[in-house]
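Asks: As a plain string of letters, each chain reads:
Protein chains: 4
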Amino acid sequence: MKVGFIGLGAMGSAMASNLVAAGHAVTVWNRSPAAAEPLASLGAKVVRTADRAVQGEAVLSMLANDAAVREVFLDGGLLDAMDPGTVHVNHATISLALAKELAEAHARRGLGYVAAPVFGRPDVAAAGRLNILAAGVPASVEKVRPLLQAMAAKVWPLGEAPERANVVKLAGNFMLAAAIESMAEASALARAHGVAAADFLEVMTATLFAAPAYQGYAKPIAERRYKPAGFALPLGYKDIGLAQAAAEAARVPMPFAGVLRDGLLEALAAGDEDVDWSVLAEVAARRAHLGD
Amino acid sequence: MKVGFIGLGAMGSAMASNLVAAGHAVTVWNRSPAAAEPLASLGAKVVRTADRAVQGEAVLSMLANDAAVREVFLDGGLLDAMDPGTVHVNHATISLALAKELAEAHARRGLGYVAAPVFGRPDVAAAGRLNILAAGVPASVEKVRPLLQAMAAKVWPLGEAPERANVVKLAGNFMLAAAIESMAEASALARAHGVAAADFLEVMTATLFAAPAYQGYAKPIAERRYKPAGFALPLGYKDIGLAQAAAEAARVPMPFAGVLRDGLLEALAAGDEDVDWSVLAEVAARRAHLGD
Amino acid sequence: MKVGFIGLGAMGSAMASNLVAAGHAVTVWNRSPAAAEPLASLGAKVVRTADRAVQGEAVLSMLANDAAVREVFLDGGLLDAMDPGTVHVNHATISLALAKELAEAHARRGLGYVAAPVFGRPDVAAAGRLNILAAGVPASVEKVRPLLQAMAAKVWPLGEAPERANVVKLAGNFMLAAAIESMAEASALARAHGVAAADFLEVMTATLFAAPAYQGYAKPIAERRYKPAGFALPLGYKDIGLAQAAAEAARVPMPFAGVLRDGLLEALAAGDEDVDWSVLAEVAARRAHLGD
Amino acid sequence: MKVGFIGLGAMGSAMASNLVAAGHAVTVWNRSPAAAEPLASLGAKVVRTADRAVQGEAVLSMLANDAAVREVFLDGGLLDAMDPGTVHVNHATISLALAKELAEAHARRGLGYVAAPVFGRPDVAAAGRLNILAAGVPASVEKVRPLLQAMAAKVWPLGEAPERANVVKLAGNFMLAAAIESMAEASALARAHGVAAADFLEVMTATLFAAPAYQGYAKPIAERRYKPAGFALPLGYKDIGLAQAAAEAARVPMPFAGVLRDGLLEALAAGDEDVDWSVLAEVAARRAHLGD
Chain A
1 MKVGFIGLGA MGSAMASNLV AAGHAVTVWN RSPAAAEPLA SLGAKVVRTA DRAVQGEAVL
61 SMLANDAAVR EVFLDGGLLD AMDPGTVHVN HATISLALAK ELAEAHARRG LGYVAAPVFG
121 RPDVAAAGRL NILAAGVPAS VEKVRPLLQA MAAKVWPLGE APERANVVKL AGNFMLAAAI
181 ESMAEASALA RAHGVAAADF LEVMTATLFA APAYQGYAKP IAERRYKPAG FALPLGYKDI
241 GLAQAAAEAA RVPMPFAGVL RDGLLEALAA GDEDVDWSVL AEVAARRAHL GD
Chain B
1 MKVGFIGLGA MGSAMASNLV AAGHAVTVWN RSPAAAEPLA SLGAKVVRTA DRAVQGEAVL
61 SMLANDAAVR EVFLDGGLLD AMDPGTVHVN HATISLALAK ELAEAHARRG LGYVAAPVFG
121 RPDVAAAGRL NILAAGVPAS VEKVRPLLQA MAAKVWPLGE APERANVVKL AGNFMLAAAI
181 ESMAEASALA RAHGVAAADF LEVMTATLFA APAYQGYAKP IAERRYKPAG FALPLGYKDI
241 GLAQAAAEAA RVPMPFAGVL RDGLLEALAA GDEDVDWSVL AEVAARRAHL GD
Chain C
1 MKVGFIGLGA MGSAMASNLV AAGHAVTVWN RSPAAAEPLA SLGAKVVRTA DRAVQGEAVL
61 SMLANDAAVR EVFLDGGLLD AMDPGTVHVN HATISLALAK ELAEAHARRG LGYVAAPVFG
121 RPDVAAAGRL NILAAGVPAS VEKVRPLLQA MAAKVWPLGE APERANVVKL AGNFMLAAAI
181 ESMAEASALA RAHGVAAADF LEVMTATLFA APAYQGYAKP IAERRYKPAG FALPLGYKDI
241 GLAQAAAEAA RVPMPFAGVL RDGLLEALAA GDEDVDWSVL AEVAARRAHL GD
Chain D
1 MKVGFIGLGA MGSAMASNLV AAGHAVTVWN RSPAAAEPLA SLGAKVVRTA DRAVQGEAVL
61 SMLANDAAVR EVFLDGGLLD AMDPGTVHVN HATISLALAK ELAEAHARRG LGYVAAPVFG
121 RPDVAAAGRL NILAAGVPAS VEKVRPLLQA MAAKVWPLGE APERANVVKL AGNFMLAAAI
181 ESMAEASALA RAHGVAAADF LEVMTATLFA APAYQGYAKP IAERRYKPAG FALPLGYKDI
241 GLAQAAAEAA RVPMPFAGVL RDGLLEALAA GDEDVDWSVL AEVAARRAHL GD
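Protein chains in written order, with full-length UniProt numbering: chain A, 1 to 292; chain B, 1 to 292; chain C, 1 to 292; chain D, 1 to 292.
None of these hints come from the bench; they were simulated from the model. Since the model is a prediction, treat every value here as computed from it, not as a measurement. A couple of the hints might just be wrong.
The list treats identical chains as one, so a pair stands whether inside a single copy or across any two.
In silico DSS-like cross-links for lysine-lysine, where the CA-CA straight-line distance does not exceed 27 angstroms [as the list claims (entries may be wrong)]:
no. : residue 1 : residue 2
1   : Lys154    : Lys219
2   : Lys238    : Lys227
3   : Lys100    : Lys143
4   : Lys45     : Lys100
5   : Lys2      : Lys238
6   : Lys45     : Lys143
7   : Lys238    : Lys100
8   : Lys227    : Lys154
9   : Lys219    : Lys238
10  : Lys2      : Lys143
11  : Lys238    : Lys45
12  : Lys45     : Lys219
13  : Lys227    : Lys143
14  : Lys45     : Lys227
15  : Lys2      : Lys227
16  : Lys227    : Lys100
Okay, chain A solo, but in the shape it has when bound (with noise of 0.2 angstroms):
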């Protein structure tokens, strides 16, 4: 299939080469274009402009947030550059207001929107493994299916509209800095009677917690070892707003969102940027004054 990959970030690189690797016609752009370059080695075409990348029958984009999203396609005025019937897949992690935004848009444009946020980072997209949300018109979605398989382990199927793939993925977020946390707090807990963090997890992560989510996390807060960030802190504050906005806009208290809320913030106050969110652990620790 003749597609567009718009946005080259390490996610978007990996995404985009599973794509070429599948045997479609990949066209592919970024705001800096040397982003663009391995890709261009592996075959895809590199455009300089966006508008040139939305020629083909689908456009996927894996932008880092509602601000990117809204300057490339709506401001921009990207929309109105694509033919009537192409579909735009967004993979962002954006707000459930910006996604319904879209998807309208979209719609009356006669475009197809598909919101596809995915599971997985960098080295999982690398292998092709991501989980992908979809939810879109059922036409849209199946038009690019094939697409969606060759970059993912699984393509959960999530409903018409779009959003629902987007809170599905914040909810996801959400839990995953509550596994954080509540491995911040338990191990603290643990290191204040004698019990070393590494001990601790190894148990939980060897037993009853035996999953992706906190083998993956377990590791830095043992070694207690934060950069390279496998999801920087201020990002991690961003999806929890996310949540926290989504929650507002139904009406849903969430507790836990608050207490992360503030544990991040404690992070972000303490000068972390540029560290993973697990650095959670390390604001626990503080909390309780443990020694290093």
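Chain A is already provided as a structure; the job is to place chains B, C and D on it using the hints.
Replies: Showing chains B, C and D alone in chain A's frame:
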């Protein structure tokens, strides 16, 4: 080995039956004698008074809480009925304060003491697949290791001070409660935006949270069926209280524990006594005024 | 002095009437003209378009929120209709971000800008007994001081940067909400042990908490009557959100603010729109399943 | 009236001195005799054993906590040394559980029992200006009313069940702690935006929060001086624990209490033992990484 077993609730009975099956000579006692009958039919010797169950090389006990352990072993004078050198293996989930008091009381009398709380529900115990946390003087732990292995998928050594095993158990149960609450809040958020809890939890427990703790509790939450209780609400509340007491003793702030305390208290205030503690999901739904 | 007044809700009308009474030549404008009639009868000049209300030496405004302020003054081009040297006194409770944006927009056009949020409800405003927080360039503040004094029990100078007055207002409203929540939880505790909320609150507000903030909100809580609203629930929720946004900008964890957000959200979820924000007491009572 | 007074700390000494000044024949006892000397010089009779202090018509006691009350009155057998008809007035801040146990123990022996916890610090007690909460059998309360009035600005009758006075005291202390925490968080927010805590708190405590509770604690927060302690941190932590225990008994969720528990615990973890509990302001400032 000649062993005694005290406390034949659902857990204790399942554990004792595995000792019998492994060929040990097991003498059992329970406050209400009826619970001992099935074990008699398996080949255990049933006695009428607790002191007659503590005459072997080791005594294992699985009692409900601090009060029961204190009553049977300390107030009841059972320790004085044991021969020096006997090792007492205490499987109960108890406070760190009682754990230390018991360790001293045993040492004073020349008795061995091993703290050995377990992870796993009755069905896991029946299958001999518990995870057993074990802490105590090495010689004592070594002596009872064959007994523990007859009941366990794995025995996790946690050092010499018995309360180390207890704090790991309490921290682990806290993490379970936190996992439930995070599913509760996230599911309320999903439901409020039109995604069924079952659909949301299916994605989560098949991907990032593909672990026993999540899969086990996702089921009652998705089905909104909290009876029969896998782990009863009042016991869960008690265990969070024990974790908070351990946190207080070592001065460890645990904001998630505070949220859990209030959520469980709210469930109890609603009159939910005889239900699984995953009923926290109903608390979250009520707060958001989600209809049935 | 020749002054304009924009925004004639309950607060603005009461404030403008005191300016008239003090002998100032007041021109008023309100989006819906009916609200201006009572002021006309007092001697104010009523105009049909906002630009005609900004021709004096000073313009005071009391609008509902960020959106209204932005629409009237920034998007509506009203700043361009003012003569250089005119001082705009903004009494609204707005975000720190908008406060800074407004200060810059005024400075760029040679206009004065004084942030002057107030403490006090409509009856206090009518009595000319408001506490007015004032921050801005000293010359601007001095120029409008007679106007402020005509409406105030006391004017509190808070320095040059306008957002300083706004942060004090937001922090103060946060403290009000915290006072309500503390009465709500404490009253629930008292009621649950057989002491009527009215009896409990009578003791408190006559002794340790003999302050307007407590006495004013103890009344609806004791009587369980939340209509008419002294300060409406949705406005209270909005203000806690502004405080949280200010906290986010400066990275200040505020756990009480998180609890308040959830409590107010729970009240909103219960359908309580048109009530006083002290309805937090009903949220606390419902959580404890206290009957009526 | 011939009365005994037990417990001569700062509060008890000040209270007993007012009884002497009012012309009552006061016999005093304190565990460490040195504390009784100033009272002897005022005219009180000092005795060496507690049983000799309980021979009057009434016995007042002001002991530190549950443990001290239990030791002196229950374990020490002091109740058996009193003549039937003697009324014991217990001024201590104790748990509801102990309050009920004491009421029953007194009734069984034909002794009167009045729970009479107080609001006010030592200087207020010395001035005879305490607010005294009084609950007990009416005849007992009437009998000791002249004594209470000699020490009080006002006596607040709270009915017959003694624990009613205790729950009001605990709920009131919870409200004090909440007032401190709200000033702590609000001051951190103000400071982070450039407004000194002293400036912020001056506005608040002169306007909406012009009450003793706020004015008293605003001073140490503004000056960042927490010694000498007006109310010591460990005592404050204890009282929040008593409030939580009362909430647990009646199943009342109290999220603010949970936040306070963690804040006080964090202060204790920082090694702040001998300080006022308004040191919560330093906890809030540390979390926001505000410099000195």
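Asks: It remains to establish, for every hint, whether it holds in the given structure.
Replies: Here is what the structure says about each hint:
no.: 1; hint: Lys154 <-> Lys219; in the structure: both (26 angstroms within a copy, 21 angstroms between copies)
no.: 2; hint: Lys238 <-> Lys227; in the structure: within (19 angstroms within a copy, 37 angstroms between copies)
no.: 3; hint: Lys100 <-> Lys143; in the structure: within (21 angstroms within a copy, 48 angstroms between copies)
no.: 4; hint: Lys45 <-> Lys100; in the structure: neither (31 angstroms within a copy, 45 angstroms between copies)
no.: 5; hint: Lys2 <-> Lys238; in the structure: neither (34 angstroms within a copy, 47 angstroms between copies)
no.: 6; hint: Lys45 <-> Lys143; in the structure: within (22 angstroms within a copy, 65 angstroms between copies)
no.: 7; hint: Lys238 <-> Lys100; in the structure: both (19 angstroms within a copy, 23 angstroms between copies)
no.: 8; hint: Lys227 <-> Lys154; in the structure: neither (29 angstroms within a copy, 33 angstroms between copies)
no.: 9; hint: Lys219 <-> Lys238; in the structure: within (23 angstroms within a copy, 30 angstroms between copies)
no.: 10; hint: Lys2 <-> Lys143; in the structure: within (12 angstroms within a copy, 67 angstroms between copies)
no.: 11; hint: Lys238 <-> Lys45; in the structure: neither (33 angstroms within a copy, 49 angstroms between copies)
no.: 12; hint: Lys45 <-> Lys219; in the structure: neither (39 angstroms within a copy, 47 angstroms between copies)
no.: 13; hint: Lys227 <-> Lys143; in the structure: neither (40 angstroms within a copy, 44 angstroms between copies)
no.: 14; hint: Lys45 <-> Lys227; in the structure: neither (34 angstroms within a copy, 59 angstroms between copies)
no.: 15; hint: Lys2 <-> Lys227; in the structure: neither (38 angstroms within a copy, 54 angstroms between copies)
no.: 16; hint: Lys227 <-> Lys100; in the structure: neither (36 angstroms within a copy, 35 angstroms between copies)
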